[in-house]
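Colleague: Quick note, the sequences are listed as chains U and W, same order. When we follow this note's numbering, the leftmost residue of the first sequence carries the number 14, and every step to the right adds one. When we follow this note's numbering, the leftmost residue of the second sequence carries the number 76, and every step to the right adds one.
Mixed in with the good hints there might be a few duds.
Stated by the list, open to error - Here's a subset of chain W near chain U, in silico, CB distances under 7 Å, partners left out:
no., residue
1, Asp-113
2, Gln-116
3, Val-127
4, Phe-180
5, Pro-182
Hints are computed from structural coordinates only; laboratory data are not their basis. Quick caveat, the model's predicted, so the values are computed rather than measured. For every residue, glycine included, the Cβ atom is placed at its ideal position computed from N, Cα and C.
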Amino acid sequence: GQQVMQIPQYQHVQEGEDFTTYCNSSTTLSNIQWYKQRPGGHPVFLIQLVKSGEVKKQKRLTFQFGEAKKNSSLHITATQTTDVGTYFCAGGGKLIFGQGTELSVKP
Amino acid sequence: DGGITQSPKYLFRKEGQNVTLSCEQNLNHDAMYWYRQDPGQGLRLIYYSQIVNDFQKGDIAEGYSVSREKKESFPLTVTSAQKNPTAFYLCASSPPGTVYNEQFFGPGTRLTVL
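Model the full assembly from the supplied sequences, consistent with the hints where possible.
Modeller: In structure tokens, the structure reads:
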């Protein structure tokens with residue numbers, strides 16, 4: 014069946030460093046969504062990408078959807094302690110979730 | 076305030092007992108979902124419902140049951156047939172007219188079976 018793989022599983026950065034998580038699907042995706050889950054919390058919707066090659070920005074966050082619509086990335090510039098949490102990608106009509114990337118930021 | 080509520084936040088049960096997790100939303104959303112989250116894994120879909128009195132199995136429905144008698148409510152029963160029920164359970168809903176199912180999540184229920 015359709016699988017969505019996400020790497021890395023964990024990322025530890027110093028505050029101010031950049032961070033990127035990657036999402037890869039075994040099949041073409043109709044859309045990709047990104048969610049953030051703070052420690053002890055629930056996932057919160059960040060953004061949705063639909064078009065091939067689409068790039069969207071939210072302040073320090075940049076989201077990309079690959080040309081083949083099989084991969085996506087989330088890049089955070091100059092991380093802050095408020096960025097701590099697990100970032101999930103989810104794609105397809107039934108929203109298959111990746112395993113998530115847990116980001117920790119050392120002040 | 077509009078939102079999704081799940082109760083209780085923490086739940087402890089003895090092995091062999093059925094337990095029902097509550098999920099209520101006042102967002103007027105048609106679609107509702109139940110996910111299970113285990114450490115190091117993504118969210119896995121248990122059941123979903125796109126309309127009242129109708130629901131479909133997700134990827135890991137075995138050992139679970141649901142009902143959708145009201146638009147606002149989508150309770151999940153974890154039965155004794157579920158082999159490894161200890162997990163974090165998340166309920167979500169989607170607004171009407173959304174093509175690709177942007178999801179709004181409740182705060183979750185952490186179930187521990189002793």
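Colleague: Of the hints given before, which are not true for this structure?
Modeller: 1, 3
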